[in-house]
Amino acid sequence: MSALLDASGVTVCYGKIEAVRDVGLRVEPGQVVTVLGANGAGKTTLLSALMGVLPARGAVTFDGRPIGRLSIEARVGAGLGLIPERRELFSTMTVEDNLRLGAFRFGRRERGSLDGMFALFPRLKERRRQLAGTLSGGERQMLAMARALMGRPRLLMLDEPSLGLAPLIVAEVMRTVASLRDQGVSVLLVEQNARAALRVADYGYVLDGGAVVLEGPSRVLEADARVVETYLGVLAAETGAQEARAG
Amino acid sequence: MTGAPWISVALPLSRLAALATLPRRGGKVGAAVPSKTIRTRHSAPPEPTSRTPRPVDSTILLLLVQDGVVNGAIYALIALSLVLVFTVTRVILIPQGEFVAYGALTLAAFEAGHRPGTVGLLLALGAAAFVADLAAGRHTLDARSLGAIALRDLVLPAAIAGATLVVPEKPGLLVGILLTLAIVTPMGAYLHAVAYRPLEHASVLVLLVASVGCHLALTGLGLVFFGAEGSRTPPLSDAMIPAGPLVVSGQSLWMLALTAAIILGLWTFFGLTLIGKALMATAVNRLGARLMGIAPSMAGRLSFSVAAFIGALSGILVAPLTTIYYDTGFLIGLKGFVAAIIGGLASYPGAALAAVLVGIIEAFSSFHASAFKEVIVFMAIIPVLLWRSLRSHPVEDDE
Amino acid sequence: MSRLAPLLAGLAILALPLVPGVPPFWFTLLNYAGLAAIVVVGLVVLTGMANIMSFGQGMFVGIGAYTSALLTLHLGVSPWLGLPAALAVAGACAWVVGAITLRLSGHYLPLGTIAWNISFFYVLGNSDWLGRYDGLPGLPPIAVFGTPLLASEQVFYLIWGCVGLSVVLTLSLMRSRTGRAIRALKGGRVAAEAFGVDTGRIKIVAFVYAALLAALSGWLYAHVQRAINPTPFSLNASIEYLLMAVLGGAGSVWGGVFGATLVTLLKDQLQNVLPLVLGAEGNFEAIVFGVLFVLLLQRAPDGLWPLLTRRTGAPPPPAPVAAPPLPPRRAAVSGPLLEASGLRKVFGGLVAVDGIDFSVAPGEVVALIGPNGAGKSTTFNLVTGVARLSAGTVRLFGRDTSALPSRAVARLGVARTFQHVKLVGTMSVIENVALGAHLRGSAGAVRGALGLDRAEEAALFAEAQRQLDRVGLGALRDRPAASLALGQQRIVEIARALCLDPALLLLDEPAAGLRHQEKAALADLLNRLRGEGLGILLVEHDMDFVMGLADRLVVMNFGAKLCEGPPRVVRTNPAVVEAYLGSAA
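Chains as they are written, first to last, in the working numbering: chain E, 1 to 247; chain Y, 1 to 399; chain D, 1 to 585.
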């Protein structure tokens, strides 16, 4: 079966330093795949490379078509979407304008209305005339997701959607991610919050030092102590595992 | 003519405005003989300056304010386009003044019954842009995009050039204006493709140096195409409308009306159209915009075209007031800059209001210290710059 | 290309008048090139070294020229007396203009210099006492031993002698303590300030220096030409100087001289050829210059000199010399080195740091940890005076330092490294490290330019070498910092910090990008420093590294302190595990 996104040998350098080294990764249609790893493991760099934000070596195909040399805009046109870690909202424009610009790549007829998004994120409807910069952290994340979805991507990549959000909102974000799969959108989810990510994902990769050190179905990874190790070190892993058994 | 006494209110206002504030050469003697340096032009007999203090009565006051507002309208147009280009592309568009001069001189050529040299420049720039666009898109080019690029960079300028051949030798003012706008506007897009797009990732400072380079090149080309002779065009209207103690010329009304129309047009464009909002989005957050599929090259092309259009229109409006030479645009453009900077290179209303202020400062300094009016206008920018940069974080700015 | 090449080129130029049959016009041209070269050398210091873009050098040339012209015309003094006056007036003007203009940030600065230069031109052209646009004719020539220098060949030696002098002075200045501070501006003001450099002052020093060279050129011009008018001092002239610097390569003094010569010769050729091609008179060379500007920026932003010589422009660092060690800066401190209480920082409406308390004692390693965005780096910046506190107090060595800027904090004995490495990439490793000892030297710009700082420099570099050896990178001393791997650059930053002889060391992610053995070596070094009584505060993500090293951990989350304690306690704390891994619920 052909993967929607198929990347192999992806390497990204900052000057002389390889931030991502020979990474291979696949996302099947309708799948939620997560990339885990500690701070500085190269997760954000990997997503940026897949989206064309950073130049990279290696082969990347999307829906069977090589996209490695395409610009960001051309990848958007092909059906990729990215919600970056910093969200990159248009902070001095209204929520509504942000959403409309999400459908910029379509012609006037195909743009679709905002109602679908307002149904998915009712809070945004209340705030439709407000400037994006005045939203709270959780609302910003919702707006970023809604804006990306307006472009009807076939693969949505999310970079740390839980960053800086309170646990309740994290749960809500993860529920939305899970609902995307039901709508047929594939998701590539980069998360530091490993537990939350593994719970929604079908498959996961663990990055350390820019390379994939571990991969497998989420259920398998959830039970693997080495995942915790990459975050808090060897000793903490033991504690984490104990705690997991206790919980 | 140059020594027009200041007290003579009877002088038509438009003429007075020209004498008072817009850049001007000494006399025909200096201007007619071009040379390797600017010096000879300036060595023409200096304008007489009266050192006796002149009383300012309310009529003169009104006159000066009115003068300032009319000139300020031109500066406002230029300032708005500079803000647009800077926010969208981070380019400080020094060559905007050249579009002003091109607009004025192209129209003057039509009026005089010549084919303007800018037509050749348009074709050449289009061809250069074609090469640059091919180079930029070499990895992703397909038949459709190739066709679009050829249409934009080769067919469009050829069609405009063809139109200048079809019209009669003296096409009349309206057709002349339309053709002028059609010739100069695409140059903005081509300039962006050739000079700035390859520098997309460069810093603001590098882009500024590139702008200075473009300014040099376009000024020199202006000299090639239009020669060192200055030109004037007939006013859009000869009407003289008495208004209290003053006489308002039809030309000034045209200037104010068109400025208002452009401002309204920009407002509609940004407020109501998705493409306008896309430009604004690029200005607010480039990466965010790219992730929505808004290409910076498209945004750059569009904003440069708008700037060139506004520049050409400003030139058309100014040309009846003062003799325009190939390099006159630079000073006019810089005054637009003074206004744009007062508005922080970011605020449209701020820039427009500041432009009127610049016009008024200029009108008053022409009256009181005519020889030093440029000094006064340009030095007015220093305290503003200081205030601006003190408001930004002094040490944390390089993060 | 060897170091001898410029010397040989110089000798070749000097021998030119001895060759019979060389047309005098060549000398005139080369004289113009030399005059420009002097200005451009100053511009290289400004643009290439200090990162200051100026479109106003023509103005300072003009100030020098007009000052000497007025003195010699009206007071009848010798041009040799006009020179110090020209330098003094230009220097003073540069100081005033710089004090106002250099506060401008980013693109406002070059726009400001454009405004100054245009205004200057109109003042010259409209003032009766300056001769308006006609200028001042009839200036006396410069006389040497009673012989007035009138012919181009005679002036040639004077001008190129001045070029040589400015090159030598500039190279010497750039190698000195002040020069390092100027070049450190390229690495960002934050890093320079963190080692006690008053960046505002040092920018003015660079600006005045460039203006002095410009005034020297102006003085020469006035008395060689024996008549002046405003044109050669207009904005266009300033733009041409900048083109020369960009064309040659603003990164090196030689590039500046090369660019000045090339543009001058090119301009002459273009002025001959273009009017013939175009069939009209005019300054068409502007077209070529403009296109050249844009093409260079697109294709060779570092200029032609580095391409021709395949060298970076940085002057080579001095060879190692034995020198007595620098005296230590302070006696041992007792009591806590750092006490932070109630630290709070609000950006806009966002609370980045909220009520953080902790302390660091001598001989203690404290680590600040927490997930991304927890506010660790902000806390660092609050402690070091880089960011202003919204509330709370920082006490260093028992003294309230909450309101002190970072260079004053450095003076107290606090050194730091940066999360995003802030070295000057074009400067050699050892010079970067020597910047750390900035506060332990005292030589100023004049001593530096005249080479009177040798003993102090030797001591500073000996100290830098000692610290570099200590962190195990002594062998890389002469490499440009940018050529090192990121991990090594982080270690160089530690050596630089140690050069300050700090009592408190702050390290922002020192282990990031290090290989396993390098981490072990780093841990070893930090353990030794702790043994010497240094207090160390570090932010680090590598938990194995932190857990093995730190005496105490302070865990932050959402800007607040989650918990504090020894590693063994902290890492089994469920709240910490949850902060890192997410809720298990």
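Hint data in this document are derived by calculation from the structure and do not stem from the laboratory.
Since we're looking at a predicted model, the values are computed, not measured.
Virtual Cβ for every residue (Gly too), placed ideally from N, Cα, C.
Mixed in with the good hints there might be a few duds.
Pair ranges (Cβ atoms, derived) [stated by the list, open to error]:
1. Y/ALA158 <-> D/ALA280: 24 to 32 Å
2. Y/VAL155 <-> E/GLN130: 41 to 49 Å
3. D/ARG388 <-> E/GLY137: 19 to 27 Å
4. E/THR11 <-> D/ILE100: 46 to 54 Å
5. D/LEU75 <-> Y/SER58: 43 to 51 Å
Comparing the hints with the structure gives:
no.: 1; hint: Y/ALA158 <-> D/ALA280: 24 to 32 Å; in the structure: holds, 27 Å
no.: 2; hint: Y/VAL155 <-> E/GLN130: 41 to 49 Å; in the structure: holds, 45 Å
no.: 3; hint: D/ARG388 <-> E/GLY137: 19 to 27 Å; in the structure: holds, 24 Å
no.: 4; hint: E/THR11 <-> D/ILE100: 46 to 54 Å; in the structure: holds, 49 Å
no.: 5; hint: D/LEU75 <-> Y/SER58: 43 to 51 Å; in the structure: holds, 49 Å
Consistency with the previously given hints is maintained throughout, with no hint failing.
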